[in-house]
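The two chains are supplied separately, each in an independent frame; assemble them into the complex guided by the hints.
So the protein sequences, as listed, match chains A and B.
Under this note's numbering, think of the first position of the first sequence as 1, with each following residue one higher.
Under this note's numbering, think of the first position of the second sequence as 364, with each following residue one higher.
Incorrect hints may have been included.
Simulated crosslink set (SDA-like; lysine to any residue; CA at most 20 Å straight-line) [to be verified]:
#  : chain 1 : residue 1 : chain 2 : residue 2
1  : B       : K455      : A       : D53
2  : A       : K226      : A       : L352
3  : A       : K74       : B       : W537
4  : B       : K484      : B       : F468
5  : A       : K65       : B       : G534
6  : A       : K167      : A       : L183
7  : A       : K107      : B       : P471
8  : B       : K455      : A       : K226
9  : A       : K74       : B       : G534
10 : B       : K455      : A       : G14
11 : A       : K65       : A       : F52
12 : A       : K74       : B       : T525
Looking from chain B toward chain A, a few residues come up when the C-beta cut is under 8 Å (computed) [unchecked claim]:
#  : residue
13 : E528
14 : A529
15 : N532
16 : V544
Output of the computed footprint for chain B on chain A, the stretches with three or more beta carbons under 8 Å from beta carbons of chain B [stated by the list, open to error]:
#  : stretch
17 : 80-89
18 : 97-110
In case anyone wonders, no lab produced these hints; they're calculated from the structure.
Note that beta-carbon positions come from the ideal geometry of N, C-alpha and C, so glycine has one too.
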Amino acid sequence: MTYLQLESLHRSFGSVKALSGIDIALGEGEFLSLLGPSGCGKTTALRLVAGFDRPDRGRIVVDGKDITGVAPNKRDMGMVFQAYSLFPNMTARQNVEFGLRIRGRDKGARRGRVDELLELVGLGHAGDRYPHQLSGGMQQRVALARALAIEPRVLLLDEPLSALDAKVRVQLREEIRRIQLELGITTLYVTHDQEEALAISDHVAVMYGGVIEQMGTPSEMYTAPKTPFVAEFIGTMNRLEAQVVDGASGEVEHAGIRLRIDAARGRQNGDRVLILIRPEALELHAAGNGANGDANTLSAEVVTQTFLGPVTRLKMTGGLIADMSTARATALPVGANVVAHVPADGVQLLTLTDDLPDIGEGT
Amino acid sequence: MKRPRMSPSAYVWLLLAAVYFILPLYSTLDFSLKENKAGTPCCTLHNYGWVIHNGDFWHTIKISFILALETIVISLALFVPTIYLVHLRFPKLRPVLAFMALVPFVVPPIVMVVGLLKTFKWTPNWYFGTPWGFLATAYVILAFPYMYFSLDAGFRAIDVHTLTEASQNLGARWTTTLFRVILPNIRAAALAASFLTLAIVMGEFTIANLAAFHTFPIFLQYVNESQGFPAGALTLLSFLITWAAMLSLLLVGRKRGARGAIVPATR
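This is chain B alone, in the form it adopts within the complex (with noise of 0.2 Å):
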């Protein structure tokens, strides 16, 4: 079959387009291959070798990464069985949890940080003092919108009640049903919902800086203050992380579509 013309005005649409995209990390290419003294001619990967050569790089980057994935499994925990019983037992109470997923989109990250930092203060030190109790419940709070709404679309894929009264029938637990016949099925939608707060997590600042923890964007903002060409090579190399885990969902969510489809919701 004959594939429909493109008209030139799309063309003209798609390479404004592109170099709206392109033109900035070109530049940011550019600008990361010089060297801080005139004169010296293009270019040099010096910069991209002092950023590998950073400890503060590599200790940074663990912690947001550790950090990223702790709150991946502390949200997956959460939402995925709370969404599950609100579809298949209180249906009524989408629209609620709807609407509680939208408050850290309208609440400001520094009214959300002051207000946590109070709320938390008196907490043990291992709690509020370490990246991996307090902060990690703020992303949690910051990445509920990205997970709700990721997963609930993940739900009303899949013929949720029919599943697990298959399911049940054939003698499973709810919890067999839900990590043996759900879980599988809802992957795509946890896969994106965890890259999000991958995302969201990598970069997230001011609650951060606020709460005086040393995380990567901490790390990138001081640099990017203090030595400007090799902020150029660290903003692409965290480009470069995000894209990678953007791909990975790609090829994940690519194979999981050749195995198997996806039951209409019925009801």
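Here chain A stands alone, though its shape is the one from the complex (with noise of 0.2 Å):
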């Protein structure tokens, strides 16, 4: 059953469309990732739940009621904001604190919640400390136990993590989804880093431009995406413009090459298409170890290698990548020509109609 409810929002600031009808259904207790590059209206829709701002059109509906012009310190949403948010002037413990004793509640309660909450981020020993006396993912820590303190009825993440170095914010993402679990808290994630929103979250929408692209799970946004834009967002795609040439075989030609795609089967002769293949299914080998002209290979020379542990990412003339164990990858060395074999089946194919939008190599 639908918990939190976006109808169709709408936000413009000027002349600039933040928001052009977004809509999410989130069930109780389900974590959603708002994914997008910056500027795609992510923070805008936070915002709007959080009550900090008011759509143009649009409601938003919390547990069946309409909270759209309910005012934010009335909304009982808790939110960990990007910037360090804690009050410079209180202690951490102060800082859990303030929202119980806004709500009136007595000493002896407030104490309890307050330990058990800082217990549950791993700061029960931090409590007397003030902002400045902690880390900046210490921080982060105490501002997701004040937001719990008050036991929200939608907790809202705004890119929470974006100020911490990788480990700790790699750290802190497994204790969010954690505690998310452990307190079964409806949860709103807004983040530009993919990675991070595939690992925590129970559904990922993609946004651009205003708008939702995509939303599904996290396993159904690598491996079905459903626009170009999707496709270049989630995760490093290889991206080929082909023209189908027999839509009967599902023969499709890139470059001046046939390949065969199962996808590319009943469609139309001519149409425009654009294959799309994760780097790590395709499969590369030395050229003249009898790979050359087999059926759909792609020749090309490799021009990088990039060694990201356990596997090594080689970039290739025509713009190919491809990932690979590391320990294979030493017989391919710079300047080496390869030929890379392109499955038939598991390779997405989309519909070519305008440019793809440039955000830069999809990592």
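Right, here's the structure in full:
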């Protein structure tokens, strides 16, 4: 059953359309990440839910009640901000206690709840420290405890990890997920980091230009992107522009080379399509190892090798990218001629209508 | 770690600065310890005794001190919420406020007092005829630049938006946010503004004189004209009062620094 519902939310700032009608339905206890590049409208959406801004059109419904016009201090939403937002004049304990004091809870109840929450975020020992005596990661943990203290109806997280270093970010995102599951709290999480969104969410909504491009489980978003933008934004993707030459057999032509792609079957001859291949799906062999001339292969030369630990990423001429085990990659040094085998199945195909938006190199 | 050594020229400049500040004070002290009788040896505390036992001294210093407190309270009550709102909701008005704050600097006090006297002439006597009404109003205007620029710097040093939103999100009304979240974090700026106002009011002469109010600077000027040696003692005592105020600011500021850090502004 839907617990948080955003219905056709519109919001403009002058001539800039920040949100052009977004619809989200989230069940109780679910974790949804709003993912997208800067300026896609994800933070605007979160601020509308928090009540810091009002939509031009549309409704926000929580647990069956329309809260679109309710003041932010009456919404019972717990929020963790991108910027460090702890009150500098209060200790960690006083920060967590703040919302409970506002609600007039008695001292004993407050103390118990604050202790419990500080323990939950692993800071039971640091309650008497002021924000400037805490690291960035600790400050965001306290901010999380503070947001949870008021037992919010929805937990809102606005890029809470973006100011932290990589290791702390991974640790803290796992803790956020653990705590969210433990408390069963409905959560809306804003991030531009697709790895973060895929790692901790039940659902991911990819936003671009004020609209939701696609919403689904992390696995769906990775394996079955529905738009070129989502394909580009989630993970790294090889994208090959091609034209269908034989729709009956699924044959397409890319840069003068014919490839057989299962997903092209049934398409009209002459259709312009975009072949999407994950780097790990591209099989590389050294040229001249009997692989030359095989069906579904592209010839290329290795331009760079990037060591990523267990795998190495190879970039090749023609813009091809392939991930392979580091042990195997040593046989294909920079400058080596290779053939890349494009699997006929497990490859996405999208109709090419417009140019893809330039969002930089997907990673 | 070894401290870098100061160059000899730095010592010379330090010495010159020390002489510039200390010499007049020493001369005033020396003067205040003399007696109005030829041939008496140095030194006597007679002039300090005269000041301390003078009823007018206590009367006028009380008036000026209460006036200063009144000015501080009115100014803080007016300007803290105003500047908070400007930072939060109307940032485009900041240059307008900054310009208005410069006006008391630009308009000469004599012009201002004549204008104020004409403007407030119609007001009832309880307001126009007492220092607590008319003079306090004039001093709030006079203190505006000091209040504004100190408080503005304080607000710029914190992330007003995020702190306000965090507080609202936890259920606080804007008054609760102002008093429990914002004010404690601009305390140093508010204190700086308050002590600057205190110093201005304790030393303001032109407006009080032209509006015919008997404040501490008027008494100081009267003693200076009529009795030279006690005037020296009076000057030093007024310095001491100002210094005590500055020292308390320093102590409170240091205490605050140990308690909480300022959140850097991000917007």
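Verification of the hints:
no. : hint            : in the structure
1   : B:K455 x A:D53  : holds (19 Å)
2   : A:K226 x A:L352 : holds (12 Å)
3   : A:K74 x B:W537  : holds (12 Å)
4   : B:K484 x B:F468 : violated (24 Å)
5   : A:K65 x B:G534  : holds (18 Å)
6   : A:K167 x A:L183 : violated (25 Å)
7   : A:K107 x B:P471 : violated (56 Å)
8   : B:K455 x A:K226 : violated (43 Å)
9   : A:K74 x B:G534  : holds (6 Å)
10  : B:K455 x A:G14  : holds (16 Å)
11  : A:K65 x A:F52   : holds (18 Å)
12  : A:K74 x B:T525  : holds (18 Å)
13  : E528            : holds (6 Å)
14  : A529            : holds (4 Å)
15  : N532            : holds (5 Å)
16  : V544            : holds (5 Å)
17  : 80-89           : holds (count 8)
18  : 97-110          : holds (count 4)
Of the numbered hints given earlier, the model fails hints 4, 6, 7, 8; all others are met.
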